[in-house]
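What follows is each chain in one-letter form.
2 protein chains.
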Amino acid sequence: MKYYYEYPRPCVTVDTVVFGLDEGDLKVLLIQRAQDPFAGRWALPGGFIHMDESLEDAARRELEEESGVKLAYLEQLYTFGNVKRDPRDRVVTVAYYALVKLSAHAPHAASDASNVAWFPAADVPTLAFDHAKILETAMARLQAKVRYQPVGFELLPEKFTLTQLQKLYETVLERLLDKRNFRKKLLKMGLLEELDEIEQDVAHRAARLYRFDRKRYAHLTKKGFNFEI
Amino acid sequence: MKYYYEYPRPCVTVDTVVFGLDEGDLKVLLIQRAQDPFAGRWALPGGFIHMDESLEDAARRELEEESGVKLAYLEQLYTFGNVKRDPRDRVVTVAYYALVKLSAHAPHAASDASNVAWFPAADVPTLAFDHAKILETAMARLQAKVRYQPVGFELLPEKFTLTQLQKLYETVLERLLDKRNFRKKLLKMGLLEELDEIEQDVAHRAARLYRFDRKRYAHLTKKGFNFEI
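Order-wise, the sequence lines are chains A and B. Under our numbering, the first residue of the first sequence is numbered 12, with each subsequent residue one higher. Under our numbering, the first residue of the second sequence is numbered 12, with each subsequent residue one higher.
Don't read these hints as lab results, they were simulated from the structure. Take the hints with a grain of salt, since some may be wrong.
Note that the list lumps identical chains together, so a pair holds whenever it fits in one copy or between two copies.
[What the hints assert, rightly or not] For lysine to aspartate or glutamate, the following EDC-like pairs were computed, each having C-alpha atoms within a straight-line distance of at most 20 Å:
id : residue 1 : residue 2
1  : K95       : E64
2  : K196      : E239
3  : K95       : D63
4  : K234      : E181
5  : K156      : E86
6  : K95       : E67
7  : K234      : E185
8  : K233      : E185
9  : K234      : D189
10 : K233      : E147
11 : K95       : D68
12 : K144      : E86
13 : K156      : E239
14 : K196      : E185
15 : K190      : E239
16 : K178      : D33
17 : K13       : D100
Please read all numbers here as calculations on a predicted model, not as lab measurements.
Looking at chain A on its own, in the form it has when it is part of the complex (with noise of 0.2 Å):
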């Protein structure tokens, strides 16, 4: 033992949800513990915070250290510090979320993990510690998040097609949209660049390819606007 303190201490502990779109499919990343407690269970890759380093840099080096994916922002989502949230000690633990275009992601444990898998988010095993509770405020609150701001952008490729758009909201959202009205609401904001091009490869009729225009985007914030689905 070689620190000594005058007053006890708790642990604190960082864990990043990461959200990656897959065809339409909503997923979770998940490590595989390699070590008690909990060992062999899923759970959220994160770990000790060290002395030296922000809960944010934290957060980000535990994430590449355990699955291999590297991401430069994450968004602070929630500290859960329950007295029994975890067997060995107190231990209160910062969650950071991020939203990921999954194809740009080939996760490979290391580290505590003995294995990291993308899982659908709404059909994940037995999570280690809390981490169900910490997954389901990140999905409220990716719920509540891409009804005001265009983050949904960042779980789609670079260019999209409105159908794709659209499920991808039917997915976060949990519930239908209706097409007319939501190509509407979304063409009206004039948000969507809409590119010479149509998909390639497939099976159906190819339909118009389309880009976020970031730089309008901000232009229009600056200028008082609104977004909203």
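Go by the hints and put chain B onto chain A.
Using the frame of chain A, we list chain B on its own:
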């Protein structure tokens, strides 16, 4: 030094931003620090968590100990954990915020606080630690939130005039609103109960009093209604 650990551990604190409305002015509750670091400097009420209490319980306890203000409900704001945010040691702080009816809370300093007072949220003295950043984050959250959730009513007396309500929104959002549009939007939602009462003891023509209909809001929310100002 009574506590020994194998790995170094940070301290965990909680800090709370309490907003109150006073005659149309948005106020924030601050305490004056009795001890170093930053002795004499104003700060948010807060302190170290105990090992056997949840984060929210710790925030409530510290708030009551230092300011005498007792609150049933706090909402978690954000966790601040930059490496050098506290000159003593590595300290991660979980920030909470609350909205109260200012008239219902007469604070009195105790514990580590030599003084306690309500300050205009837009004009506070130089704060200890990174508390200016925490206050700024709380203001931004409040501004985002009042637009989509009827949290503003927490700041008002039980019975209020439409002018008081508009003044509240103007204060929080830091901009003037069009009176006719504001009233139309609000009354259309059907969440305000018009009372058979008017203001008492006012110099100007007494205005009609209203009450926020919580039951109806809960009912509408279940049916998918979205509050929006």
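State whether the alpha carbon distance between K178 and D33 is at most 20 Å within one copy, between copies, both, or neither. Intra 11 Å, inter 47 Å, cutoff 20 Å: intra-copy only.
Within, between, both or neither: K196, E239 at alpha-carbon 20 Å: both (8 Å within a copy, 17 Å between copies)
One pair to classify: K13 and D100, alpha carbons no more than 20 Å apart. Within, between, both, or neither? both (17 Å within a copy, 17 Å between copies)
Are the CA atoms of K156 and E239 at most 20 Å apart within a copy, between copies, both, or neither? both (10 Å within a copy, 15 Å between copies)
Between K156 and E86, at a C-alpha cutoff of 20 Å, which is it: within one copy, between copies, both, or neither? Cα proximity of K156 and E86: in one copy and across copies (12 Å, 18 Å).
How would you label the pair K95, E64 (within, between, both, or neither) given a Cα cut-off of 20 Å? between (26 Å within a copy, 10 Å between copies)
What label fits K95 with E67 when the C-alpha limit is 20 Å: within, between, both, or neither? between (24 Å within a copy, 14 Å between copies)
For K95 and D68, with the copy left unspecified, which applies at a CA distance of at most 20 Å: within, between, both, or neither? between (26 Å within a copy, 14 Å between copies)
Intra- versus inter-copy proximity for E185 and K196 (alpha-carbon distance at most 20 Å): within (19 Å within a copy, 29 Å between copies)
I want to check one pair: K190 and E239. Are their C-alpha atoms no more than 20 Å apart within a copy, between two copies, both, or neither? Classified as within; 16 Å inside a copy, 24 Å across copies.
Within a copy, between copies, both or neither: which one fits K233 and E185 at a CA-CA cutoff of 20 Å? between (31 Å within a copy, 16 Å between copies)
How would you label the pair K233, E147 (within, between, both, or neither) given a Cα cut-off of 20 Å? between (32 Å within a copy, 19 Å between copies)
Of the hints listed earlier, there is not a single one the structure fails to meet.
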